[in-house]
Amino acid sequence: MVTKTEESELKNLEIQVDNGGGGAWEYLSLVRKLKVRRSDKVLKHGLSILNDSKLRSKLGADEWTLYEQVAVAAMDCQCLDVAQDCTKALRKRFSESKRVGRLEAMLLEAKGSWEKAEKAYSSLLEDNPLDQIIHKRRVAMAKAQGNISGAIEWLNKYLEIFMADHDAWRELAEIYSSLQMYKQAAFCYEEVILAQPTVPLYHLAYADVLYTLGGLENVQTAKKYYASTIDLTGGKNTRALFGICLCTSAIAQLTKGKNKEDKEGSQLQSLAAKALERDYKQRAPDKLPQLTTALKSLTLSS
Amino acid sequence: MGSNDLKYEVSQNAYIKLVLHSLKHPTSAVNGVLIGRISSSNDTVEITDAVPLFHSQIPLLPQLEISLILIEEYFSTKGLNIVGYFHANERSDDFELGGVAKNIGDHICRYFPQAAILLLDNKKLEALKKSKSSSAIMQGCI
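As you go down the protein sequences, you meet chains A and B in turn.
Note that full-length UniProt numbering numbers the first sequence so that position 200 is 200, with each residue one more than the last.
Note that full-length UniProt numbering numbers the second sequence so that position 75 is 75, with each residue one more than the last.
Derived from the structure by calculation, the hints contain no laboratory data.
Only a predicted model underlies this, so the values are computations on that prediction, with no experimental measurement involved.
One or more hints might be untrue.
Here are the simulated SDA-like cross-link-like pairs (lysine to any residue), alpha carbons at most 25 Å apart as the crow flies [as the list claims (entries may be wrong)]: (1) A:K54 / A:D18; (2) B:K24 / A:T238; (3) A:K41 / B:H55; (4) A:K4 / A:A275; (5) B:K78 / A:T293; (6) A:K33 / A:S48; (7) A:K58 / A:K4; (8) B:K78 / A:E277; (9) A:K224 / B:K78; (10) A:K224 / A:T238.
All chains should be modelled from the sequences, with the hints used to inform the complete structure.
In structure tokens:
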């Protein structure tokens with residue numbers, strides 16, 4: 001997950017490099033640090049550095065890191081011959097390296113030779129059973145072949161060993177959501193929130209899953225998590241504001257016959273509605289009438 | 001199942017919007033809503049516009065509810081309704097309607113019985129870059 005400042009820095013560098021303003025190496029290092037997926041740009045600018053022997057020798061030892069980065073980006077963009085060249089160069093330099101072995105297995109995976117790649121990964125894992133990246137590649141292969149239950153199995157095994165990997169928990173939650181196994185998805189999000197309680201995105205996703213599950217308790221908990229998201233983002237998160245309105249009307253519908261005067265709930269909803277209207281006035285004033293009718297319909301239906 | 005044969009017309013505007021949306025997010029599934037009306041002779045459904053919806057977090061309910069409410073509001077002032085649903089899968093060889101897409105499609109059908117679902121054929125999308133075929137790259141299912 002990248003923060004807003006890092007995202008804007010990345011964008012500025014990207015624009016600068018795209019327009020020929022230099023700074024390609026800084027851009028590539030930032031992409032590597034933040035682990036974002038910008039494979040087409042990495043391929044273009046990385047290749048321009050590698051093909052220019054002067055720039056290449058300036059890099060010194062970092063040249064090999066660049067080879068690795070470009071190889072992975074080439075595989076992502078399906079330019080397999082570029083990836084093969086980079087991997088060969090690396091193999092020539094580091095003939096006994098496990099890291100290069102991993103790249104070669106990834107190349108097999110990119111070509112679609114699933115069994116060969118599977119064999120390569122298993123043998124690499126025998127030598128080094130704690131290599132996180134290889135475990136993740138196995139999960140990715142299962143997902144790519146359409147074997148979703150296999151992917152879930154591998155991912156669960158991975159998480160038994162590496163319980164602190166938040167990205168893996170998030171991936172598992174997304175897989176469960178796409179299979180509509182919302183209870184399990186909620187469990188995964190709970191793990192992530194426990195580990196990183198100050199990231200509002202996880203609270204938001206958890207609240208979404210709870211709302212989708214339905215049932216009075218879940219929707220009430222969802223409302224609390226939308227509220228915490230608003231707390232963490234200083235009231236700027238539109239999705240959470242909408243979420244609160246939806247939750248309040250859903251709760252009111254579910255407790256229709258029980259005559260509970262939930263004053264606190266309706267206050268929260270009117271505050272959320274006002275915040276939404278203010279936001280729309282600022283950013284999209286011509287959509288304001290739709291918003292007000294939509295909000296009215298939500299409260300009327302309760 | 002429609003006993004009378006309904007024709008479906010997709011306008012260029014709608015088609016382009018959906019294809020561009022899928023191209024912008026090549027690594028995730030995307031979906032969208034089709035807007036249009038039934039023609040006055042009651043035998044053609046004209047799909048005049050499309051609203052791309054999500055490119056992540058598709059199966060979650062709150063976003064979907066709010067977006068459907070807002071879309072209905074906006075287009076009913078122009079006399080159009082939601083007439084269908086568009087879906088593009090994550091994997092390039094996945095050519096089936098997943099459970100989520102079916103559920104959303106069923107839901108839309110409840111409000112508009114002649115609704116259609118368009119599923120993007122990812123392989124044909126790839127081929128589009130190499131050839132200039134004008135065949136449709138979506139499969140329609142009702």
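Evaluated hints:
| no. | hint | verdict |
| --- | --- | --- |
| 1 | A:K54 / A:D18 | 20 Å, holds |
| 2 | B:K24 / A:T238 | 23 Å, holds |
| 3 | A:K41 / B:H55 | 21 Å, holds |
| 4 | A:K4 / A:A275 | 22 Å, holds |
| 5 | B:K78 / A:T293 | 15 Å, holds |
| 6 | A:K33 / A:S48 | 20 Å, holds |
| 7 | A:K58 / A:K4 | 32 Å, violated |
| 8 | B:K78 / A:E277 | 22 Å, holds |
| 9 | A:K224 / B:K78 | 37 Å, violated |
| 10 | A:K224 / A:T238 | 16 Å, holds |
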